[in-house]
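Respectively, the protein sequence lines represent chains Z and G. Residue 227 in the numbering used here sits at position 227 of the first sequence, with consecutive numbering throughout. Residue 175 in the numbering used here sits at position 175 of the second sequence, with consecutive numbering throughout.
It is worth saying that the hints were derived from the structure and are not from the lab. Everything hinted at is true.
Covered stretches of chain G (in silico footprint by chain Z; criterion: 3 or more residues with CB under 8 angstroms from a CB of chain Z, positions within the stretch not fixed):
| hint | segment |
| --- | --- |
| 1 | 13 to 26 |
| 2 | 79 to 90 |
With a Cα cut of at most 20 angstroms, we get these calculated EDC-like pairs of lysine to aspartate or glutamate:
| hint | chain 1 | residue 1 | chain 2 | residue 2 |
| --- | --- | --- | --- | --- |
| 3 | G | K78 | Z | E96 |
| 4 | G | K212 | G | D49 |
| 5 | Z | K143 | Z | E89 |
| 6 | G | K241 | Z | D16 |
| 7 | Z | K184 | Z | E200 |
| 8 | G | K78 | Z | E89 |
| 9 | G | K212 | G | E126 |
| 10 | Z | K184 | Z | D172 |
| 11 | Z | K176 | Z | E89 |
| 12 | Z | K143 | Z | E96 |
| 13 | G | K242 | Z | E89 |
| 14 | Z | K143 | Z | D169 |
| 15 | G | K212 | G | D51 |
| 16 | Z | K184 | Z | E36 |
| 17 | Z | K176 | Z | E200 |
| 18 | Z | K184 | Z | D169 |
| 19 | Z | K143 | Z | D172 |
| 20 | G | K242 | Z | D16 |
| 21 | G | K78 | Z | E139 |
| 22 | Z | K184 | Z | D158 |
| 23 | G | K78 | G | D244 |
| 24 | G | K212 | G | D128 |
| 25 | G | K242 | Z | E75 |
| 26 | Z | K184 | Z | D203 |
| 27 | G | K242 | Z | D76 |
| 28 | Z | K143 | Z | E131 |
| 29 | Z | K176 | Z | E131 |
| 30 | Z | K143 | Z | E178 |
| 31 | G | K78 | G | E239 |
| 32 | G | K241 | Z | E75 |
| 33 | G | K241 | G | E75 |
| 34 | G | K241 | Z | E60 |
| 35 | G | K242 | G | E75 |
| 36 | G | K242 | Z | E60 |
| 37 | G | K241 | Z | E89 |
Label-pair ranges, simulated between beta-carbon atoms:
| hint | chain 1 | residue 1 | chain 2 | residue 2 | range |
| --- | --- | --- | --- | --- | --- |
| 38 | G | F185 | Z | D169 | 56 to 62 angstroms |
| 39 | Z | G70 | G | G108 | 42 to 48 angstroms |
| 40 | G | V133 | Z | G70 | 52 to 58 angstroms |
If you're wondering where the values come from, they're calculated on a predicted model, not measured in any experiment. From the three backbone atoms N, C-alpha and C, an ideal C-beta is built for every residue, glycine too.
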Amino acid sequence: MTEPAPHPAIEVRQLDKRFGAIHAVRNVSFTVRHGEVLGFLGPNGAGKSTTMKMIAGFLEPTAGTVLVNGHDVLEDPITVKSSIGYLPEGAPTYGEMTVLRFLNFVAEIRGLDGAERRQRVDHVVRQIHLEGVLHQTIETLSKGFKRRVGVAQCILHDPGVMIMDEPTDGLDPNQKHEVRSLIKEMAREKAIVISTHILEEVDAVCSRAIIIAAGQLLFDGTPIELRARSPDNDIDNAFRLLTTQFYQQHGEAAQS
Amino acid sequence: MRNILAIARRELHGYFSTPVAYVFIVIFLFLTGIFTFYIGGFYERNQADLDPFFRFHPWLYLFLIPAIAMRLWSEERKTGTIELLMTLPITVPEAVLGKFLAAWVFSGIALILTFPMWITANYLGEPDNTVIVAGYLGSFLMAGGFLAIGACISALTRNQVIAFVISVAVCFLFILSGFPLVLDFFQAWAPQALVDAVASLSFLTHFESLRKGVIDLRDLVYYAVLISFWLYANVVVIELKKAD
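Generate coordinates for the entire structure from the input sequences, incorporating the hints supplied.
Now the structure itself:
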């Protein structure tokens with residue numbers, strides 16, 4: 001884990017995705033290194049989730065590809081999926097399972113066995129504070145707990161690369177704070193990509209930020225650089241300025 | 001293999017953690033009883049065998065098996081868990097096989113629970129038990145065939161009701177192709193080879209001899225090919241439209 005990796009953790013190369021007439025992601029490229037937390041920003045429908053789904057190997061790009069630790073997601077999907085922890089949008093989980101059974105299922109698929117599985121599940125349960133709901137079926141849990149079960153599933157196998165689509169959505173302020181601390185804690189040795197609508201989150205946890213709109217990359221830099229884009233040094237205003245400028249230039253058509 | 005079993009176990013547990021499993025088993029046992037004793041004339045025939053029991057299995061399966069199969073993929077699509085499943089380090093064939101196996105084992109459990117029928121026949125007379133074993137084998141294989149069709153169709157839609165209705169329709173065609181209703185239509189003009197080909201697609205034709213105690217390799221191969229074909233189609237459907 002500590003030795004320098006020869007490859008960037010994630011290398012997105014000229015990624016392009018069309019759904020019929022809709023051009024969801026247009027020629028997006030960026031890299032994420034170990035130790036970086038990348039905030040993935042953009043208005044709704046900008047192509048954030050689509051890009052993340054392609055990195056995680058759920059969607060196939062129309063053109064371009066993604067390398068994770070040097071492995072091509074199209075040629076070697078199993079290796080890539082093994083090394084990624086992925087929290088899909090909305091944190092889907094199997095509602096009829098209990099939390100413990102669900103985590104054990106994911107652990108089994110992730111190749112964890114015996115003592116190692118117990119230890120990892122225990123560790124994650126304590127880390128995410130799921131002790132109280134272990135034997136409850138997931139469908140009976142509150143939105144916040146469901147999200148945390150999704151996060152637990154994502155970090156269960158201690159992956160070097162994490163893709164989290166809105167990890168703090170639906171959490172109360174305390175829970176948000178906890179998940180952010182967790183991400184910061186893990187950030188040292190991992191490469192993490194989180195998408196979010198909460199810009200203070202970018203300031204709080206991200207070492208870099210990317211903005212996309214209408215499938216195109218608008219900004220790639222540190223949160224400080226992003227903030228500097230607005231005259232009053234405010235991150236929300238910087239975001240608004242960048243995206244509205246873009247839509248004015250490219251017309252409303254680009255928004256769909 | 002490990003992944004297939006992990007998925008199969010999860011899926012099988014899924015059946016039993018909702019009322020689906022219990023409702024299914026109770027109704028299945030209830031209906032087999034009614035068909036065997038009232039419609040099949042189990043007592044009136046004065047024969048110690050389970051023919052009246054097995055005779056109606058294709059018709060029971062026609063409605064009950066699609067009900068087991070409909071949730072397999074539709075539910076994953078509807079709840080979005082398909083995204084979770086397909087980003088775990090497993091291949092599509094592993095997921096398809098695991099789900100199919102779970103459903104097949106489940107139908108096997110329901111079938112095994114009809115054992116009082118077998119005890120009854122043995123209590124009342126001396127049936128040829130090898131015929132009965134062949135009947136059970138045939139019934140189980142036929143359930144596998146129906147399930148493979150149902151699983152594949154379930155992968156096409158996020159709506160379980162649609163999956164159910166279409167599966168019933170397709171399974172019905174597979175049953176009917178052995179019936180005079182369909183065969184007579186072909187008999188009038190088609191060469192005998194084509195008539196035979198259509199008839200040979202039927203679940204009934206291949207269940208018939210097993211039901212009578214004849215374990216013919218051709219029937220086993222038929223079910224193996226049928227199941228493989230539909231599972232392969234299932235893999236293709238998932239790979240083509242994972243995210244729809």
